[in-house]
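Student: Residues per chain are reported as follows:
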Amino acid sequence: MITLTDVRKHYSSEVAIGPVSVILPAGGITALVGPNGAGKSTLLTMIGRLLGTDAGTIEVGGHDVAKTPSRDLAKLLAVLRQENHVVARLTVRQLVGFGRFPHSKGRLTAADEAHISDAIDFLGLTDLEGRYLDELSGGQRQRAYVAMVLAQDTDYVLLDEPLNNLDMKHAVDTMRHLRRAATELGKTIVIVLHDINFAGHYADHICAVKGGAVVRSGPPAEIMTDAVLTEIFDTPVRVIDGPDGPLAVYYRGD
Amino acid sequence: MAELAGTARPTRTAHALPTRRARRRYALTVGILAVTAIAITVVLLAWDNPMPFGSAGFLRIAELRTTGVIVMAVVACCQGVGTVAFQTVTENRILTPSIMGFEALYVAVQTTAVYVLGTAGVLALQGVGQFLLQVALMVGFALLLYGWLLSGRRGDLQVTLLVGIVIGGGLGSVSAFMQRLLTPSEFDVLSARLFGSVSNADAALLPVAVPLAAVALVLLWSRSRRLNVVALGRDAATALGLRHRRELILTLTLVSVLMAVSTALVGPLTFLGFLVATLAYQFAGTADHRYVFPVVALTGFVVLAGAYVVMKHVFDAQGVVSIIIEFVGGAVFLLILLRKGRL
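Protein sequence lines, in the order shown, are assigned to chains A and B.
The first sequence maps to residues 755 to 1008 in our numbering.
The second sequence maps to residues 30 to 372 in our numbering.
The hints are simulated quantities; they were obtained by calculation from the structure and are not laboratory data.
All C-beta atoms, glycine included, are put in the ideal place defined by N, C-alpha and C.
Not one of these hints is a red herring.
Just a few of them, taken from the derived set where beta-carbon distance is under 10 Å, the chain B residues facing chain A:
1) Leu261
2) Ala266
3) Tyr310
Below, a sample of chain A positions facing chain B; criterion: calculated Cβ distance under 10 Å:
4) Arg825
5) Asp826
6) Ala832
7) Leu834
8) Val840
9) Val841
10) Leu844
11) Gly860
12) Glu867
13) Ile874
Work out the full structure, taking the sequences as your base and the hints as a guide.
Tutor: This is the structure in structure tokens:
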């Protein structure tokens, strides 16, 4: 369970986040959705202690992220930001290997290698594992980073728009993989999603952020309605019955 | 790591040198560099030795020349390892730690001494005490800068670097102004100190310089695995449980010790670190610091001592190595860039 209590972050008098108080349930996938600049990524990076809060507390699995030593947190939660760039020349497998750092401090054991192989296979990167990151497409690189985060083998996984740069097939594959990781391995996955329909289909819980505050939080069935989505995204949205559940349609904008 | 020799399928490993071929290539590279380094050392000690080979006089002369070799080894390790570590924590492959104002500070100290004391000023700066003072001054300057700019809530590396460059530029122009006011003979004496030159170094400094450099080198080496993670960037390193800012300040402090020792010993060698770091990444074939550090130290020695041999025996201009390093080094650098299209 991830608990945010009165969390605030100030950038300027006009731009501020919070106070946010919300509970993200343990287990399953929680999707953070909302318009641009709503504060989804900021919230996620604060939960992942990559960004400090100005006030309030954040607890992940009962551990205060501001007080727990970072190396202990690294075994509890893994976090991936949207923009990732590595200057060093690494192969996919070497990058994924860094996910084991919290456990083995860089001295990879056979068990670590097995975890790395699992994560690579899980994301369908087996044939690419010897390639250098600068030889990959944006989408392939994105998957390599997700594999690194999965290799970290933590109960909590935080991902900031992991579907960026991915084509349909790989976006769907990645979400299916994450769904499996949540269901089969019992992980808690918090994910910032741009596409409301991915959130509606794969998430167990949707948390809508707008103007630096959590405006709605609940199961997809509660969020995927005309009124709620129109209010969250400030543009007319109609929810129709698709073949696999509700579908938000918003392309016409009137 | 699990090594299954003889099996058809290669073992899957995230090791820095994953295949047998990569390991062989690395071993070969280190071997060639080591042999070249030894060959150059032999040339330095034995070439042009007026006494018959093996005689007591021969050994005596070789012994005297050992100082120069040790100085070059210390400088090569300091500049090479220091630059690689610096480029890692700054996530930038075209920076060199000398831009952080170390060299400008050195130039300012030397110039001020000559400005105030005349030609005697150069002599006033020689000696173990003065050496330590200069090192302390440079490290202190770096610590102040990092401590002030990186420990704040909004500690920003890019701003720190920029401030370092600006302060370096300021010190440089103050030095240039003082140099304009010197008499030609004073300026002549001073300019000899401002070229990076092995003959600047004094044997009496080595008992202090070597341990100082060795401690910093061993500490950096022992942190290689952490540096590998730091190279992933602030967010990824934090996510993997490193206290990024602490690593940053610690590494920069060690780098400043290395750069201060090297600069106080032989003077400014702006380009050497950058050149050998660039070459070492190419030679090592991996980004893992445990493998890059030995290669960069050896490459540094080969480049520095090689330049010294050329200057001494071809151009008969002893010691002033920075000229040839910058000329040949620049050419090699451009060649690599054009051929490979990346750093």
